[in-house]
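Heads up: the sequence shown begins at 1 in UniProt numbering, then just goes up one per residue.
Calculated from the structure, these hints are not laboratory results. Quick reminder that beta carbons are idealized off the backbone N, C-alpha and C, glycines included. Hints are not guaranteed to be accurate.
Simulated restraints on C-beta separations [said to hold, decoys possible]:
| no. | residue 1 | residue 2 | range |
| --- | --- | --- | --- |
| 1 | V21 | G137 | 23 to 29 Å |
| 2 | P152 | S195 | 30 to 36 Å |
| 3 | L11 | P70 | 40 to 46 Å |
| 4 | V26 | L126 | 28 to 34 Å |
| 5 | D156 | T3 | 48 to 54 Å |
| 6 | F59 | V110 | 33 to 39 Å |
| 7 | V63 | C171 | 37 to 43 Å |
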Amino acid sequence: MKTKKLVMAALLGALAAILMVLDFNVPFVPMFIKFDFSDFPVLIGGFVFGPLTGVLIAFLKIVLNLLFKPTTTMFVGEASNFLLSVCYMGVACLYYRKHRTKKGAVIGMVLATVATSLFAIASNLLVMFPMYAKLFGMSTEAIIGMFSKINPLVKDMTTMVIASLVPFNLCKYGVISLITFISYKKIEVILKKYSN
1 MKTKKLVMAA
11 LLGALAAILM
21 VLDFNVPFVP
31 MFIKFDFSDF
41 PVLIGGFVFG
51 PLTGVLIAFL
61 KIVLNLLFKP
71 TTTMFVGEAS
81 NFLLSVCYMG
91 VACLYYRKHR
101 TKKGAVIGMV
111 LATVATSLFA
121 IASNLLVMFP
131 MYAKLFGMST
141 EAIIGMFSKI
151 NPLVKDMTTM
161 VIASLVPFNL
171 CKYGVISLIT
181 FISYKKIEVI
191 LKKYSN
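Let the hints inform the model, and build the full structure from the sequences given.
As structure tokens, this is what we get:
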């Protein structure tokens, strides 16, 4: 990787880490699930420099975030954030690389939003929630209880996914896709200018 490109990736990673620190809670999900805009620089970096650079930016984001703010989830939240970042950026970038038009970018981001939301369901139910429960000495019922206190529609794992996880992820990645669509071309010009 060229030095200038590496510097741009590091700057985007630092920006993503700052945005990750500025996370916030949203209704209908427990406090350990946070909304942040840190995937915006990851996606921009992937679009401009390619998916491998996007993975590097996502990794830097997690490492730098841990320097700013220690983990409260025994690294389960950080691992989940990294995997979802890579999934979202990867799907959008791989599609966009073959269809480099505004329409291609939109389709890529829509596909990425849906794919990441589906991946989040599988990863959370099969890996992240069980790992979180084990590390904190909780049962699956206790996790469902955390969701049901905030969202009365949650009664079991199925309703937890439908009423909480799916809307949260569709909203998060939909908003990030919209911000990227509005700002990408202007940012691309700047990044390419300073990386060439």
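A quick look at each hint next to the structure:
no. : hint                    : verdict
1   : V21 / G137: 23 to 29 Å  : holds, 28 Å
2   : P152 / S195: 30 to 36 Å : violated, 50 Å
3   : L11 / P70: 40 to 46 Å   : violated, 24 Å
4   : V26 / L126: 28 to 34 Å  : violated, 24 Å
5   : D156 / T3: 48 to 54 Å   : holds, 53 Å
6   : F59 / V110: 33 to 39 Å  : violated, 25 Å
7   : V63 / C171: 37 to 43 Å  : violated, 27 Å
Going down the numbered hints, you'll see the structure goes against 2, 3, 4, 6, 7, while the others check out.
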